[in-house]
Amino acid sequence: MSQAAVIHTNGHPSYLDNTGKYKGLRSWIFSTDHKRIGILYLTSLLSFFSVGVLFGFLIRLELLTPGKTIMDPQTYNSIFTLHGVIMIFLFVIPGIPAAFGNFFLPIMIGAKDVAFPRLNLFSWYLYVSGGLLALISILLPGGPADTGWTFYIPYSVRTGTNVLPTLFAAFLLGFSSILTGLNFITTIHRMRAPGMGWFKMPLFVWGLYATAWIQVLATPIIGITLLLIVIERLFGVGIFDPALGGDPILYQHLFWIYSHPAVYIMIVPAMGVVSEIIPVFSRRTIFGYKFIAFSSIGIALFGSLVWAHHMFAVGMSDTGQFVFSLLTFLVAIPSAIKVFNWTATLYKGSIQLDPPLLYALAFIFLFSIGGLTGVMQGALAVDIHITDTAFIVGHFHYVMFGGTGVGVFAALHYWLPKMFGRMYNIKRAKVAFWIFFVGFNTLYFPMFVMGWLGMPRRYYDYLPEYTIYHQISTVGSWILITGLIIMFSNLIIGLKRGKKITEKNIWGGETLEWQIETPPIHENFVDIPVISSGPYEYKQNEPEYEEAETENGSKRGEGR
Amino acid sequence: MSLQEHAAPLVSGTQEQAVHPHRDDIASRMGMWLFLFTELLLFGGMFFLYSVYRFENKEAFHNAARELDTLIGTINTAILLTSSLTMALSIAAIQRNKKVLSITLQLINVAFGLVFLINKYFEWSHKISLGLYPKSDILLGMDKGEIVFFGLYYVMTGLHGLHVLIGMVLISVMTNFTIKNIITHENYVKLEAAGLYWHLVDIIWIFLFPLFYLIT
Amino acid sequence: MNEQHTDAKHMTAGHGYGIYILVWLALLTLTGITVAVAGINLGGLTVAAALIIAAIKSYLVLTIFMHLRIEQTAFKVFVLVALFFIVISFALLFSDFSFMKG
Chain A
53 MSQAAVIHTN
63 GHPSYLDNTG
73 KYKGLRSWIF
83 STDHKRIGIL
93 YLTSLLSFFS
103 VGVLFGFLIR
113 LELLTPGKTI
123 MDPQTYNSIF
133 TLHGVIMIFL
143 FVIPGIPAAF
153 GNFFLPIMIG
163 AKDVAFPRLN
173 LFSWYLYVSG
183 GLLALISILL
193 PGGPADTGWT
203 FYIPYSVRTG
213 TNVLPTLFAA
223 FLLGFSSILT
233 GLNFITTIHR
243 MRAPGMGWFK
253 MPLFVWGLYA
263 TAWIQVLATP
273 IIGITLLLIV
283 IERLFGVGIF
293 DPALGGDPIL
303 YQHLFWIYSH
313 PAVYIMIVPA
323 MGVVSEIIPV
333 FSRRTIFGYK
343 FIAFSSIGIA
353 LFGSLVWAHH
363 MFAVGMSDTG
373 QFVFSLLTFL
383 VAIPSAIKVF
393 NWTATLYKGS
403 IQLDPPLLYA
413 LAFIFLFSIG
423 GLTGVMQGAL
433 AVDIHITDTA
443 FIVGHFHYVM
453 FGGTGVGVFA
463 ALHYWLPKMF
473 GRMYNIKRAK
483 VAFWIFFVGF
493 NTLYFPMFVM
503 GWLGMPRRYY
513 DYLPEYTIYH
523 QISTVGSWIL
533 ITGLIIMFSN
543 LIIGLKRGKK
553 ITEKNIWGGE
563 TLEWQIETPP
573 IHENFVDIPV
583 ISSGPYEYKQ
593 NEPEYEEAET
603 ENGSKRGEGR
Chain B
12 MSLQEHAAPL
22 VSGTQEQAVH
32 PHRDDIASRM
42 GMWLFLFTEL
52 LLFGGMFFLY
62 SVYRFENKEA
72 FHNAARELDT
82 LIGTINTAIL
92 LTSSLTMALS
102 IAAIQRNKKV
112 LSITLQLINV
122 AFGLVFLINK
132 YFEWSHKISL
142 GLYPKSDILL
152 GMDKGEIVFF
162 GLYYVMTGLH
172 GLHVLIGMVL
182 ISVMTNFTIK
192 NIITHENYVK
202 LEAAGLYWHL
212 VDIIWIFLFP
222 LFYLIT
Chain C
52 MNEQHTDAKH
62 MTAGHGYGIY
72 ILVWLALLTL
82 TGITVAVAGI
92 NLGGLTVAAA
102 LIIAAIKSYL
112 VLTIFMHLRI
122 EQTAFKVFVL
132 VALFFIVISF
142 ALLFSDFSFM
152 KG
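Those sequence lines, one after another, are chains A, B and C.
Everything in the first sequence is counted per my numbering, starting at 53 for the first residue and increasing by one.
Everything in the second sequence is counted per my numbering, starting at 12 for the first residue and increasing by one.
Everything in the third sequence is counted per my numbering, starting at 52 for the first residue and increasing by one.
Here are the computed lysine-lysine pairs in the DSS-like style, where the Cα-Cα straight-line distance is at most 25 Å: (1) B/Lys138 x B/Lys69; (2) B/Lys201 x A/Lys164; (3) A/Lys552 x A/Lys482; (4) A/Lys75 x A/Lys552; (5) B/Lys155 x B/Lys138; (6) A/Lys342 x C/Lys127; (7) B/Lys109 x B/Lys201; (8) A/Lys75 x A/Lys164; (9) C/Lys127 x B/Lys201.
Because the hints were derived from the structure by calculation, they are not lab data.
Owing to the predicted nature of the structure, the values given are computational and were not obtained by experimental measurement.
Given these sequences and hints, build the entire structure.
If you want it as structure tokens, here you go:
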């Protein structure tokens with residue numbers, strides 16, 4: 053019925069109580085407890101996300117009409133640059149590993165903390181410093197960077213805007229990401245509880261493991277690349293500058309050698325969340341555990357080999373293009389395996405359509421659209437036509453927002469009650485979900501159409517024939533934001549005034565986090581558990597579930 | 012039903028349980044190795060750049076490299092290799108509880124690092140006095156490939172030198188720990204970690220040396 | 052076993068000082084060879100020789116000085132994974148540049 057025998061934690065204080073030498077705010081920002089650090093990350097992440105959403109809202113407002121709507125072109129360039137930098141480096145890349153990975157990884161493997169708790173806190177300090185530096189760059193003289201989040205040469209060396217602080221910020225954030233990955237790899241190798249073999253680990257942990265390797269190996273490449281732009285701007289060294297013999301295409305190669313694997317840092321943990329939710333809410337063991345586990349590794353591996361598909365139109369050699377196009381098709385396979393296995397798990401399952409599952413299902417739908425459009429882009433002839441158009445913008449928002457973003461929302465609805473011992477209003481959560489879902493598709497689907505018809509991306513102005521698509525899209529952004537506001541206010545109100553939960557297993561999961569106190573005690577476990585079974589071993593007939601339900605009383609919270 | 016924290020049975024063939032709940036030397040070394048990979052890839056990115064530019068500018072690189080002093084480069088290589096020796100020996104010494112020997116070797120190590128950096132200072136000064144530095148008129152008048160060569164030279168050897176400095180500071184801290192018996196023959200994983208860092212700095216130079224000094 | 056704070060393999064590494072000195076001499080010798088070979092112009096072969104010798108030197112530093120030889124298998128796999136990533140990125144990068152025109 054769970055991965056370990058009953059775990060006793062009675063009488064021990066929850067991690068939310070202050071027992072250390074610090075009180076109040078200082079007990080949080082100096083804490084090395086992985087759960088508190090996870091929450092520190094979560095709050096900072098969602099704060100930066102809000103700023104990013106604001107910038108997105110402004111972009112769409114500007115694009116409501118051709119020509120100037122609310123801002124001048126220079127401002128527009130800076131706004132979409134910052135939107136990208138904030139969303140990518142401050143929300144989607146750190147996102148799930150930093151918040152939910154930190155909170156739940158040790159618990160899921162039966163450990164009391166990560167391998168290097170102080171390093172963990174230091175990672176968060178780096179993250180916040182990077183974030184603040186990026187925001188401060190908006191206010192410094194020179195104006196915020198206007199290069200796009202990709203900082204392409206030669207413009208990034210020539211522009212007078214505040215590229216330097218933005219680059220430094222990205223460097224700090226990269227370092228934070230590296231240290232988190234390093235911490236997780238060591239934790240997973242060294243701190244699993246007795247009996248927790250590799251193939252008894254929850255799939256979320258497998259996702260974090262694969263992600264951690266990409267974080268460690270790929271991030272330094274962008275570290276050095278951005279550092280080189282800094283050096284070029286400061287000392288005129290001339291590594292990439294074509295006037296000094298440099299090669300801008302080489303810059304793009306180096307940039308994308310990280311930035312493509314980065315998108316797998318973004319998506320693999322979100323897939324891990326979905327792999328957790330699907331079995332619990334269909335009361336069935338996951339279909340093809342090993343395939344899903346290995347597909348995470350496969351995505352990490354293949355994802356590192358496809359970067360130049362971002363460069364098909366810049367002047368690569370034919371050979372290079374053929375090689376990267378082929379590899380791009382191959383990388384879709386491990387992702388597809390996951391989608392098939394999730395679907396097979398749901399089939400003939402006992403479906404509980406609670407908010408976590410709604411978001412997980414939305415993930416599958418939206419990520420599939422995004423992923424398939426990605427395969428389209430991998431075809432050379434097609435890509436020549438649609439590269440640098442709104443089609444690409446639609447694609448990556450479907451995978452990054454409809455994928456990872458929705459993964460974050462799913463994780464919030466799944467795990468927040470366990471983290472804080474408070475239940476949100478389920479009805480309101482479902483309403484928010486549907487508004488968000490409708491808004492999302494209204495906002496992003498037209499981008500495929502107008503991109504196909506030739507609307508370029510990052511353009512401030514556009515021809516009148518695209519107006520209708522932009523208008524639909526902008527209205528979609530308003531609907532989406534309404535959904536987000538309802539969703540977040542519901543969750544926050546739930547935290548403050550929601551029904552208190554003390555039962556351990558809110559949703560009927562079998563992984564270790566559902567066998568410990570709600571909220572967890574400071575050390576997670578009093579004694580390290582011994583693991584005896586796999587993470588999703590539900591019985592095919594229902595009696596245990598019935599029994600568990602009456603045993604725990606109303607385990608679904610209010611509003612159902 | 013649940014295990015006590017302090018009993019530590021082996022759980023699998025490849026994993027040794029931490030014998031003390033608050034100390035796991037293998038985890039410490041693993042963490043340091045992972046960090047070394049990031050350093051390796053940081054320099055790896057620059058080696059990628061070097062390779063492509065060299066491939067596209069063979070003649071220019073060949074000409075530019077003639078400005079470099081092979082003798083100093085070779086001496087510096089020997090210095091770093093010997094410092095790796097003293098590093099490894101200092102760990103062997105502390106394993107055998109030879110505290111004074113270990114400290115001496117560590118200090119010699121730091122001294123070698125200092126000599127390396129002093130040599131580098133003379134090298135760079137010489138080049139700068141010849142007008143071969145970024146944005147100089149002489150450099151800008153040269154072939155594009157040569158400009159790139161010197162750009163790479165300064166950045167790569169400069170970044171490497173910075174890492175030598177960091178390594179020296181790290182080892183000095185370890186020397187302090189050894190003196191204060193924080194590092195002992197029973198607990199020397201910190202020294203090992205510092206050693207790993209130093210050896211990586213050496214390995215990077217092992218590749219930098221032929222690529223910049225020996226392509227004439 | 053419980054009282055030892057380092058794993059057994061590490062303590063009884065048997066690395067007398069001698070092995071380190073031997074490796075050091077080998078490294079110096081290989082450096083000398085590299086310098087000597089560099090004087091002989093064999094075109095692409097000179098570069099290849101220099102890199103191969105550098106690889107051998109690195110291998111010695113990794114396995115003996117950095118104790119990779121006596122570490123757990125996981126560490127060796129890690130190193131291979133990192134090297135694999137570097138090599139394959141390099142190869143793919145050149146799949147573009149070696150075939151560019153002009």
